[in-house]
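Its first residue numbered 9, the first sequence is counted upward by one per residue in the working numbering.
Hints were generated in silico from the structure; no laboratory data involved. A few of these clues could be false.
To be verified - Distance condition first, Cα-Cα at most 25 Å in a straight line; then the derived DMTMM-like pairs of lysine to aspartate or glutamate: (1) Lys190 - Glu132; (2) Lys339 - Asp225; (3) Lys273 - Glu319; (4) Lys256 - Glu52; (5) Lys206 - Glu141; (6) Lys273 - Asp291.
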Amino acid sequence: MKKSRKIAISTVNDEQIVEAWFDQNSKQSFRQSLLKWFRVHRREMPWRESRDPYRVWVSEIMLQQTQVATVIDYFRRFIRQFPTVQRLATADEQSVLRQWEGLGYYRRARQLHAAAKMIVAEFEGTFPATVDELLRLPGVGRYTAGAIASIAFDESAPILEGNTVRLFARLMGLTEDVRVSKTQKILWRFSERLVPAKGAGEFNQALMELGSLVCRDRDPNCRACPVARSCVALSLGTQREIPVASPKFEYESIREAAVVLRRGKNVLMRLCQPSERWAGLWDFPRYPFPHGDPVSNLTRLIKKDSGLDLELDEERLSLRHAVTRFRIELKCYGGRVRSGRLKRNSAFQWVSLHDIDELPLSATGRKIARSISAFF
DNA sequence: AATTCGGGGTC
DNA sequence: GACCCAGAATT
Numbered sequence: 009m010k011k012s013r014k015i016a017i018s019t020v021n022d023e024q025i026v027e028a029w030f031d032q033n034s035k036q037s038f039r040q041s042l043l044k045w046f047r048v049h050r051r052e053m054p055w056r057e058s059r060d061p062y063r064v065w066v067s068e069i070m071l072q073q074t075q076v077a078t079v080i081d082y083f084r085r086f087i088r089q090f091p092t093v094q095r096l097a098t099a100d101e102q103s104v105l106r107q108w109e110g111l112g113y114y115r116r117a118r119q120l121h122a123a124a125k126m127i128v129a130e131f132e133g134t135f136p137a138t139v140d141e142l143l144r145l146p147g148v149g150r151y152t153a154g155a156i157a158s159i160a161f162d163e164s165a166p167i168l169e170g171n172t173v174r175l176f177a178r179l180m181g182l183t184e185d186v187r188v189s190k191t192q193k194i195l196w197r198f199s200e201r202l203v204p205a206k207g208a209g210e211f212n213q214a215l216m217e218l219g220s221l222v223c224r225d226r227d228p229n230c231r232a233c234p235v236a237r238s239c240v241a242l243s244l245g246t247q248r249e250i251p252v253a254s255p256k257f258e259y260e261s262i263r264e265a266a267v268v269l270r271r272g273k274n275v276l277m278r279l280c281q282p283s284e285r286w287a288g289l290w291d292f293p294r295y296p297f298p299h300g301d302p303v304s305n306l307t308r309l310i311k312k313d314s315g316l317d318l319e320l321d322e323e324r325l326s327l328r329h330a331v332t333r334f335r336i337e338l339k340c341y342g343g344r345v346r347s348g349r350l351k352r353n354s355a356f357q358w359v360s361l362h363d364i365d366e367l368p369l370s371a372t373g374r375k376i377a378r379s380i381s382a383f384f
């Protein structure tokens, strides 16, 4: 008897911690308080000006792992150039990637483009309107499907992302690592139990807005919180210790070299291959920084890969940047071609200075391109 | 269950 | 520097 009771208590940490919260709190009054707050503090955002599923979809893809402030201008430009799903579907991928340049996670742009073609072809232009249909689109996972279905189609679908993870963890007083799947499951369950049958779109946006503006990562503003009375963390004074999250990765410092090789008005560029970082984007020829004499070693590397006979100058530009789990120190060299022709089906290609503006580059590639006059 | 995939904001 | 951001797909 005592034994089974003990087991029951330890399993409270799992699914039933959710039920414990709902036992202690009225979800109707929680929803009311939240929506009342949201109607006052709701921020204007370009994708909130309509409920056009296409625009909601584009915004949700852009917002994956990307802050609202960063997305706003990208969204405006993207919708200006690709105002409908049909226009996106018939665009070429390079122009889509060009609009995405600087946002990062470029797979999102390629999948968005692929999904637009799917919608036009398989759904005959009728936008997928349910979570289950939306999940068939590449780049659309559980969060994004729930967000689109609820915001654009008023489906009662739950969401879970950065803001709501933090909010829910504090509301329940969750002290477990929110990155492990067991905790994710608890958080999804919480979202499922909380989402209303009607008005889920507004409700979900209100949750995220509260997480973003009030239940902030650092410095949560509990005095301004409309649902403070439902917050276990606040009642225990542990709101600053929650959420607990294991580190995502450790940084590794690496050094690279890039080369701006000129031939007349053209510059040697390389199309990043599908298996590489920046797939589909253009980059300057780039290598791990060679040991020994960088100029002579780089000259040999480029000659081997491109087939060109060339002459390199000294270092002209040094950039530091971080990408994924790497801190990169990138040194850039200028150079001229003496003779030779490009190898066939190497990813290299001569690009005129003017055309570089139209190509999608990585953020560092664009920095090099902008200071290209320093190499001539 | 881990890793990959960017880049900028912020303290 | 270190962590976060309206995550998804792959290994």
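Hints, one by one, checked against the model:
1. Lys190 - Glu132: Distance of about 39 Å is beyond 25 Å: violated.
2. Lys339 - Asp225: violated, 36 Å
3. Lys273 - Glu319: Holds - the C-alpha atoms of Glu319 and Lys273 are around 16 Å apart, at most 25 Å.
4. Lys256 - Glu52: Given pair Lys256, Glu52 is violated - Cα atoms ~32 Å apart, limit 25 Å.
5. Lys206 - Glu141: Holds. Lys206 to Glu141 sits at ~20 Å (cutoff 25 Å).
6. Lys273 - Asp291: The hint holds at about 17 Å.
Consistency note: the structure conflicts with the earlier hints numbered 1, 2 and 4.
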